[in-house]
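**Q** Residue numbers (the numbering used here), protein chains in the order written: chain P, 11 to 303; chain G, 1037 to 1335.
Please keep in mind that the hints were generated in silico from the structure rather than gathered at the bench. Ideal Cβ positions, reconstructed from N, Cα and C, are used throughout, including at glycine. Hints are supplied without guarantee of correctness; some may be wrong.
Per the computed footprint, the stretches of chain G lying under chain P, defined by three or more beta-carbons under 8 angstroms from a beta-carbon of chain P, are [said to hold, decoys possible]:
1. 1097 to 1111
2. 1126 to 1137
3. 1149 to 1156
4. 1294 to 1307
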Amino acid sequence: MAVASADTAIRTSRITRAFIYLFLLLFALFYLLPFGIMLVNSLKPLSEITGGNMIALPQDWTIAPWLSAWSTAQIGVEPTGLRPYFINSLVMAIPAVVLSTVVGALNGYVLTKWQFRGSTIIFGLLLFSCFIPFQIVLIPMARILGLLDIAGTTPGLILVHFVYGIGFTTLYFRNYYAAFPTELVRAAQIDGAGFFQIFWRIMLPSSGPIIAVSFIWQFTNIWNDFLFGASFASGGSAPMTVALNNLVNSSTGVREYNVHFAGAIMAAAPTLLVYIVAGRYFVRGLMAGSVKG
Amino acid sequence: MAASTDTGVDLRTRLQTWLPKLVLSPSLAIMLVFVYGFIAFTIYLSFTDSRMLPSFGWVGWDNYDRLFRIREWNTAISNLAVFATLYIGISTLIGLSLAIFLDQKIRGEGVLRPIFLYPMALSFIVTGTAWKWFLDPAIGLENTMQLWGWESFSFTWIKDREMAIYTVVIAAVWQSSGFVMAMFLAGLRGIDNEILKAAQIDGASNWNLYRRIILPQLRPAFLSAFVILSHLAIKSYDLVIALTGGGPGNATALPATFMYSYTFTRNQMGIGAASAVIMLMTIAAIMVPYLYAELKEKK
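Extracted from the complex, chain P is given alone in its bound form:
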């Protein structure tokens, strides 16, 4: 499709266009402001925040708040900084992302190329699991994690995120493989290729984009999760979001806003980085999760 035809054929007057640009710029400011100001203020000494203007640039630029947030700030009872929790989140997110993507890819393959009686119902059951309010599973999940003896640990959280990620990853791969020519699969079958051979040799090599979507989207969801982290992690095994919330809402001592801001940006950094590097896939994931097909 040519670039010109991607836009609408609507013609607008000069005044209208000026208004449109103004409107768009104002909203760009609205989206940038809270985060931008947080970034600026994370580089100020505390006195400039409590006694000064939040829009002003720092007079004394300092990275002390960042160092403090990373390695010495009080999180809960321990003055460990956010570093161990950042690592917790990575250790939790990466296996859960990989596992749920692998399972999702296989499910999507079966649900599109090896359909059988009842496979649509199974897909429906998987799909509904994407949208349940997780409050409905919190109580039994806590029991099961206890029974498996992984309550309050990172492996426990990996399991939780893996389980509730399958629905989404299956949805991604199913929609993607639905557009993949089934004739190719049937031809390979006639040539004697088996189930896994076809998946490995024919489906996977063309799955790059959807694997990227699945990785990015699962990583963002799991990294940003708070409810499961708050419910099932205890103390030292808490993920980054829970640690950040503890840091910001700790009631002891002076509220070190600049440290809170530095911490918030650290918690945002990985997903933001993914968004900047691979925004294209991020948007695709949003679409796949909303407009099916």
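Following the hints, put chain G in place on chain P, whose structure we already have.
**A** Structure of chain G alone, referenced to chain P:
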């Protein structure tokens, strides 16, 4: 010799027909246990006298009876009604406006679009932290306006029991309106320009083009936006925790925060389970018809 290869081939084809089901079965088993089994268990608990731990004394509809007589639950329900209405309405309005404007051959679209969308990549905890402080009268917007000479400027919604729920709306709209924009923009880009050109030749004004031709074609996008936003609204938990902690008092309590506090901090598990069931039913009432229609269309 021939016979043995025959059974070999036979076994292999039989394995091939079973393999897809075999591959799918672990996921199905996981779903049946961790989703549907857990839902059944929570529903069961909502009819028991569970307190700190699950217990199995049957109490019938008692928990539901009590739930709707708890003041905080009724606050949470009416908060959710206010929050969901404004959140869905404003996000849709902003998202649609941004999409329509961005669709007018705008210079710099490639820069603006990611700016509108990036908040969606952030955790609600980060969003909550940013806005909590931005709206804090002592150091945020109010203070800045006063330092700039607008002495009488006052914006204390976040500390105000009546208004605090609207700050949750502001932060939530900030986070998701760009996402709604992306959905509408995709819809707009899918509209056939030839129809628009033909209508223009017939002398239709821009206003009429949008009202009569474009907006009706965006119906699927409206529906998806509504479904996604309403299920996000009902599930909202993190944002309230980070922004207001449910306060002042419990002025910004939502069903999700109510469920958590009754189940895990107040040791009223039966009531917590009942509130979770109500949340599930609300979401199911929206999602099940939508998913059913989507899946049926596919065939």
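**Q** Hint by hint, note whether the structure agrees.
**A** These are the hints, each one checked on the structure:
1. 1097 to 1111: Violated, because only 0 residues of the stretch 1097 to 1111 of chain G bring their Cβ atoms closer than 8 angstroms to Cβ atoms of chain P.
2. 1126 to 1137: Holds: 4 residues of the stretch 1126 to 1137 of chain G have a Cβ under 8 angstroms from chain P.
3. 1149 to 1156: As far as the stretch 1149 to 1156 of chain G goes, the hint holds, because 7 residues have Cβ atoms under 8 angstroms from chain P.
4. 1294 to 1307: holds (count 5)
Checked against the numbered hints above, the structure breaks only hint 1 and satisfies the rest.
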